[in-house]
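Number of protein chains: 4
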Amino acid sequence: MMDFGIAPRAQEYLDNVKKFMKEEIFPIEDAYFKELRSLENKWVVLPVIKELKAKAKAAGLWNMFLPMPEYGPGLTNAEYALIAEETGKSFIAPEIFNCNAPDTGNMEVLAHYGSQAQKDEWLTKLLAGEVRSAFCMTEPDVASSDATNIAATAMIEGDEVVLNGRKWWSTGIGHPDCQVIIFMGLTDPSAHRHRQHSMVLVPKNTPGVKVERMLPVFGDLDEPYGHGEVSFTNVRLPKSAIIAGPGRGFEIAQGRLGPGRIHHCMRAIGAAERALALMIKRAVSREAFGKPIIKLGGNQDIIANARMSIEQARLLTLKAAWMLDTKGIAAAMSEVSQIKVVAPNMLQTIVDQAIQMHGGAGMSDDFPLTQLYAYARCLRLADGPDEVHRHLIAKFELARYLPKKVPA
Amino acid sequence: MMDFGIAPRAQEYLDNVKKFMKEEIFPIEDAYFKELRSLENKWVVLPVIKELKAKAKAAGLWNMFLPMPEYGPGLTNAEYALIAEETGKSFIAPEIFNCNAPDTGNMEVLAHYGSQAQKDEWLTKLLAGEVRSAFCMTEPDVASSDATNIAATAMIEGDEVVLNGRKWWSTGIGHPDCQVIIFMGLTDPSAHRHRQHSMVLVPKNTPGVKVERMLPVFGDLDEPYGHGEVSFTNVRLPKSAIIAGPGRGFEIAQGRLGPGRIHHCMRAIGAAERALALMIKRAVSREAFGKPIIKLGGNQDIIANARMSIEQARLLTLKAAWMLDTKGIAAAMSEVSQIKVVAPNMLQTIVDQAIQMHGGAGMSDDFPLTQLYAYARCLRLADGPDEVHRHLIAKFELARYLPKKVPA
Amino acid sequence: MMDFGIAPRAQEYLDNVKKFMKEEIFPIEDAYFKELRSLENKWVVLPVIKELKAKAKAAGLWNMFLPMPEYGPGLTNAEYALIAEETGKSFIAPEIFNCNAPDTGNMEVLAHYGSQAQKDEWLTKLLAGEVRSAFCMTEPDVASSDATNIAATAMIEGDEVVLNGRKWWSTGIGHPDCQVIIFMGLTDPSAHRHRQHSMVLVPKNTPGVKVERMLPVFGDLDEPYGHGEVSFTNVRLPKSAIIAGPGRGFEIAQGRLGPGRIHHCMRAIGAAERALALMIKRAVSREAFGKPIIKLGGNQDIIANARMSIEQARLLTLKAAWMLDTKGIAAAMSEVSQIKVVAPNMLQTIVDQAIQMHGGAGMSDDFPLTQLYAYARCLRLADGPDEVHRHLIAKFELARYLPKKVPA
Amino acid sequence: MMDFGIAPRAQEYLDNVKKFMKEEIFPIEDAYFKELRSLENKWVVLPVIKELKAKAKAAGLWNMFLPMPEYGPGLTNAEYALIAEETGKSFIAPEIFNCNAPDTGNMEVLAHYGSQAQKDEWLTKLLAGEVRSAFCMTEPDVASSDATNIAATAMIEGDEVVLNGRKWWSTGIGHPDCQVIIFMGLTDPSAHRHRQHSMVLVPKNTPGVKVERMLPVFGDLDEPYGHGEVSFTNVRLPKSAIIAGPGRGFEIAQGRLGPGRIHHCMRAIGAAERALALMIKRAVSREAFGKPIIKLGGNQDIIANARMSIEQARLLTLKAAWMLDTKGIAAAMSEVSQIKVVAPNMLQTIVDQAIQMHGGAGMSDDFPLTQLYAYARCLRLADGPDEVHRHLIAKFELARYLPKKVPA
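Protein chains in written order, with this note's numbering: chain A, 202 to 609; chain B, 202 to 609; chain C, 202 to 609; chain D, 202 to 609.
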């Protein structure tokens with residue numbers, strides 16, 4: 202029965218997260234970034250983050266992204282979505298609630314597909330927020346949006362799996378607590394195209410793993426998380442390091458990406474709400490030509506358009522989450538691709554307009570707008586660029602008319 | 202609790218409407234329009250319409266728009282929304298199900314505000330589909346989107362109310378069964394600005410009522426409904442013709458417009474689905490440069506974008522309907538304005554692209570695309586142009602920040 | 202040497218055309234359309250048109266589109282462009298100056314490629330404005346934007362050429378003075394793809410030529426010109442009816458289309474100026490919410506954007522014309538395709554906004570806006586849809602980088 | 202007489218600039234930025250820049266922006282425009298040719314309005330490329346796009362002028378050679394609004410001048426030029442430091458901004474050409490799903506659209522330059538505002554698409570795309586944001602209809 206409301210228990214978590222953000226996170230954000238920027242070495246966890254993590258954990262606002270009740274509150278994807286939206290309003294909130302990408306996706310993978318040994322060694326620590334992780338899938342030399350392009354290898358040699366290749370945009374690899382990597386590589390080129398790849402759990406300090414450089418995004422290294430270019434040279438691990446066994450990489454990737462995209466999109470929606478709030482505050486307080494700028498030109502239209510885009514993106518994301526919860530990833534694939542296009546583009550547009558409404562200040566560090574912009578810009582490429590998702594969406598549309606002959 | 206599903210009873214109505222449209226309406230549409238266009242006088246109800254009305258009524262697919270169970274199935278606005286979407290796929294379906302504007306809105310007004318005598322005389326006949334009605338609010342000489350501009354008068358003289366003024370875009374006034382009008386006029390310029398106007402129920406044959414001309418929309422008179430310019434010259438009626446008493450016009454208009462906008466927007470969404478379906482069929486069957494045109498240029502992107510816009514518009518409209526159902530019109534005002542902007546613009550864009558994908562054929566009468574285009578174009582102006590709704594939406598946004606000083 | 206000015210002689214023609222339009226054409230336009238619409242049979246030339254044609258001819262404002270001095274003033278394409286812009290402000294002006302499509306293109310074809318007999322029989326009459334003509338190239342059953350798709354045939358049988366096939370969007374075929382057709386058909390499928398087609402000069406009354414129906418554009422038949430669907434059934438003509446000999450159809454089409462597109466685009470720019478002027482007049486004179494609507498929302502931005510798009514489209518079109526004049530059609534192909542995309546889209550956008558600024562009145566016949574809209578909409582499909590031109594433009598861009606391997 | 206060609210002498214300069222860039226600048230750019238980024242202190246002039254400046258000067262490719270022949274080649278604005286376009290393809294080229302903002306504008310101001318003493322002391326050194334300069338107009342606390350908002354003061358006290366206030370976005374203030382500032386401040390609030398301000402020539406080392414911080418643009422400090430926030434506290438100078446005398450600041454600003462905007466816009470067009478070239482190279486060389494990505498989705502449309510926008514922006518800028526040259530700044534004001542909106546927005550769009558076409562690499566420092574993006578983003582705010590220019594353009598349009606009552 203159609204209902205746009207929220208269940209009482211989820212509402213309570215949402216309220217508590219909002220309260221925590223208002224009381225604990227927003228007030229310290231400016232000081233946090235000021236301190237971080239003042240440091241020579243920014244690849245550190247400042248004490249305030251550790252304190253807030255402890256507080257959030259103590260308050261039970263922890264691991265809320267996992268639907269399995271054994272690991273946390275056990276909210277559905279649709280319920281967690283509204284919480285993810287809130288955490289998207291701050292760049293530091295996701296880590297504080299232990300709900301930060303790519304750890305969230307990696308924990309999901311281990312919870313679903315990990316062996317008991319893998320869970321014991323790594324999932325426990327990740328759930329506790331003691332260590333962090335990276336996900337090495339995208340490659341510099343191929344258009345990785347087409348998974349069949351992936352050229353790094355995870356070859357089986359006897360009892361071992363041997364990794365070779367170069368990855369980049371490995372988010373979080375620069376974090377001082379990053380100790381483990383999930384690596385995707387080609388194992389068997391002769392298998393069915395969806396059974397060729399494996400995912401391997403790689404301790405970051407394994408010989409042969411080397412972070413070659415950290416990649417800037419619009420000049421920003423995004424410390425202390427970072428996006429790394431990582432080389433794997435004859436990295437040898439026992440076969441047991443392969444998650445769920447050889448050839449299941451594609452399957453795991455598919456399962457991992459659904460909720461991960463929901464999270465990203467909901468955070469983008471929260472980020473858009475923040476940009477809109479900043480834009481409105483500026484528009485009603487700044488004067489030009491004798492009036493607050495909200496009264497000038499098309500500024501009210503911009504605000505109205507922002508509201509409409511945010512509302513629509515939110516509803517579509519919630520629907521995708523609900524489909525994931527109730528019908529599974531296969532049924533939700535078009536919707537998940539749709540939000541992956543809609544939400545980042547919506548955010549990019551609104552942030553751009555917020556920058557414009559702030560004048561020169563909008564481009565500086567006095568406001569978080571260029572950071573939000575870079576976040577949006579990344580999202581349009583991460584986890585598949587817009588173009589790939591549009592192609593998929595079209596494919597599903599055409600399939601309604603051509604059930605047997607879906608165009609490639 | 203968040204739920205994007207549909208209740209079983211509403212689903213049943215929806216299924217039956219779909220079945221009826223598939224079996225009874227779509228198969229006769231082309232012949233209907235061909236016959237109509239061949240007539241010298243197109244202001245007629247063709248027999249096939251009468252027959253289908255009788256069938257729909259017999260099947261209980263009748264007056265589904267009214268939430269009050271005493272008048273029909275008693276579906277909520279959110280439930281009816283999905284049915285309105287279906288009827289939006291055909292230009293003749295709404296009438297067949299007795300769910301056609303402006304009769305729907307007029308019946309709602311009478312059901313809510315009409316006196317017993319008014320109900321007995323007119324609501325009964327409207328519910329039965331025996332007569333049709335018009336709604337005379339918009340005026341040629343003023344920007345009617347600002348209700349305080351309305352210059353036509355409904356002055357009280359003793360026991361009578363006397364109407365004077367000129368209205369236009371009075372939809373349905375040309376229909377041969379149109380027998381009654383709801384007229385909005387100024388009664389007391391000295392009252393509070395929301396208490397100055399009255400709505401008056403006017404039999405169309407009252408002396409002084411004159412249809413001056415029928416207005417073309419993109420050259421189309423939209424027979425047999427039509428959009429008229431109507432003059433009222435010393436039209437005298439007993440005071441009892443005033444709906445709910447003098448000065449309540451604005452209040453009634455507000456209440457009338459919420460559901461009416463939901464209906465329009467959902468029909469626009471159905472229309473967009475139809476345009477998208479036509480576009481896809483064309484794209485996969487038409488060849489150029491040696492390939493089906495779906496494989497050329499950005500055509501798949503266009504289809505993907507259409508899907509994303511439709512989904513978002515639908516969800517936003519359903520949410521607005523749900524808010525209307527559960528929280529009332531006052532709480533839903535921003536959402537109602539949002540869909541009033543979003544849905545017609547979305548439809549206009551998609552139809553324009555469908556025309557382009559059809560080449561020259563898209564502009565001709567061989568496809569219903571230019572009719573759909575004109576419908577979309579109208580909707581961006583009817584019931585308040587985009588600009589007025591954007592302004593309202595912005596006002597609600599600003600009110601969050603400036604609770605006491607909302608800008609005009 | 203870069204110069205955006207205009208030569209004195211061309212300026213004089215331009216001034217005279219402006220004066221003629223102001224004094225003779227604009228004042229009678231409303232009455233002309235009112236009279237035409239009142240007629241049962243609208244496929245007529247009203248006396249006022251004949252009178253104005255005579256006046257224009259007497260004033261030497263006649264056949265200004267032809268660069269060859271033997272046929273008229275001999276203006277360059279760039280010089281005539283500014284005159285075409287003026288005539289684009291009125292739907293009847295082009296005919297009055299004998300500068301109406303498709304006669305302009307047809308006269309160019311005959312002047313360049315016609316035999317002396319063809320010139321004597323038809324070019325003379327066309328130049329004199331005594332007869333009118335049609336151009337039958339586009340076909341209903343194939344995507345005609347790809348000329349190699351053209352399926353109608355012009356087969357040589359002995360001394361005769363025999364035409365078969367079906368054409369549509371044959372503009373002007375409905376005009377009572379239309380007496381001659383240029384037909385494009387396949388002559389030799391085994392020849393090089395650019396040597397397969399022929400253009401044939403066909404008297405309209407030749408047995409086998411049948412106007413099957415007139416096609417509406419947004420419901421408008423565009424009387425007395427019209428766009429026809431025309432069947433050719435065993436139409437037999439002497440071989441001498443082939444223009445410039447068999448197999449030269451593609452070559453002639455290419456040469457014909459360059460100037461024709463310049464003319465269309467410049468008229469579109471004039472039409473856009475008219476729409477902008479109407480929009481501004483409305484915006485400063487209409488009030489809502491206590492102010493002229495020019496002071497509301499983003500209306501000034503809309504006007505500024507319109508000015509910027511018009512200026513840019515005009516400059517690009519003038520540059521394309523200048524290239525045609527100084528470097529020939531081959532050098533100007535990318536520019537000609539660019540204006541063919543830019544100008545109609547610009548016009549469509551501005552007219553849409555002008556409609557919106559006029560409210561309901563904008564959709565009616567009280568203003569010429571829906572006619573201008575339909576004109577813009579047609580232009581986006583006529584002479585190659587946007588998509589085909591974008592593809593060509595991209596091809597030229599890529600050719601700079603891949604000189605030998607231009608993608609198809 | 203309309204002519205889109207270029208005069209032989211200007212063509213020669215253009216060719217030489219192209220050759221110089223190809224042979225001297227492009228080959229060292231990557232190494233230059235690599236070296237600069239490796240430095241602890243990036244506020245330096247690397248030797249390669251000094252060498253190339255000397256070479257350019259020796260080749261006569263120097264001060265080409267000044268139309269006055271006594272200071273350089275004496276090209277018109279329209280002629281220099283095409284050279285500015287070339288220099289816009291490299292971030293270091295403008296300095297190498299001594300054609301870098303804000304020095305160009307400042308030199309123009311001194312050449313036109315400076316006293317002999319000011320010319321002798323500063324113009325000579327600036328023309329020689331020995332020192333650099335800054336322009337301090339924009340203020341952090343007011344919307345500086347409305348010049349009447351400017352709150353910094355330049356008060357006359359006896360024989361002195363005393364400066365107070367805070368400026369920001371003072372471009373070039375961080376350069377090690379920056380020795381002089383042009384400051385705009387309020388001198389006489391009681392004068393006519395266009396006679397209240399003065400421009401003052403301020404040696405950077407004058408007591409009371411303090412660079413408070415350097416402002417990042419999308420996190421980039423743009424070393425060694427930089428954009429500073431500068432405080433002026435009781436900065437005392439002799440009255441002779443006022444350029445052209447008290448109260449002429451507004452007049453000078455108007456004159457300064459015309460050519461400056463032409464330069465900026467032409468560089469933006471060059472930058473867009475560079476982004477388009479990068480985009481095409483990527484599109485034809487990168488594969489996904491088994492094809493070069495130029496064959497996927499709407500990528501060819503993107504390239505075609507980029508070409509059309511660049512061509513149009515270039516022509517409009519050239520026309521504005523030509524108007525400045527032939528009719529003066531007053532006649533060119535609408536055109537100058539038009540290009541100020543058109544060119545940066547065009548650049549932003551094209552760079553955004555180029556980033557997308559590059560995937561993750563596009564956001565990193567491996568390509569100059571994010572730098573180009575930041576440049577475009579700045580330009581939409583610098584020298585008046587889009588909104589202010591749109592408002593001005595609309596004002597000129599309305600003035601045609603309301604000659605005496607132009608809206609504010």
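It is worth saying that the hints were derived from the structure and are not from the lab. Take these hints with a grain of salt, some might be off.
Copies of the same chain are indistinguishable here, so a pair counts whether it falls within one copy or spans any two.
Unchecked claim - Straight-line Cα separation of at most 30 Å, DSS-like style, residue types lysine-lysine; simulated pairs:
(1) K492 <-> K320
(2) K411 <-> K243
(3) K243 <-> K492
(4) K492 <-> K596
(5) K492 <-> K482
(6) K496 <-> K482
(7) K492 <-> K258
(8) K596 <-> K496
(9) K256 <-> K405
(10) K596 <-> K219
Model, not experiment: these values are computed from the prediction.
Each hint, compared with the structure:
1. K492 <-> K320: Neither, since 61 Å and 41 Å both go past 30 Å.
2. K411 <-> K243: For K411 and K243, both the intra-copy (20 Å) and inter-copy (28 Å) Cα distances are at most 30 Å.
3. K243 <-> K492: neither (42 Å within a copy, 41 Å between copies)
4. K492 <-> K596: Answer is between; shortest inter-copy Cα gap is 17 Å, intra-copy 50 Å.
5. K492 <-> K482: both (14 Å within a copy, 26 Å between copies)
6. K496 <-> K482: Close inside one copy (13 Å) and across copies (23 Å); limit 30 Å.
7. K492 <-> K258: neither (47 Å within a copy, 49 Å between copies)
8. K596 <-> K496: between (45 Å within a copy, 11 Å between copies)
9. K256 <-> K405: within (28 Å within a copy, 51 Å between copies)
10. K596 <-> K219: Between copies, since 25 Å is at most 30 Å while 39 Å is not.
Taken one by one, the earlier hints fail for this structure at numbers 1, 3, 7, listed in ascending order.
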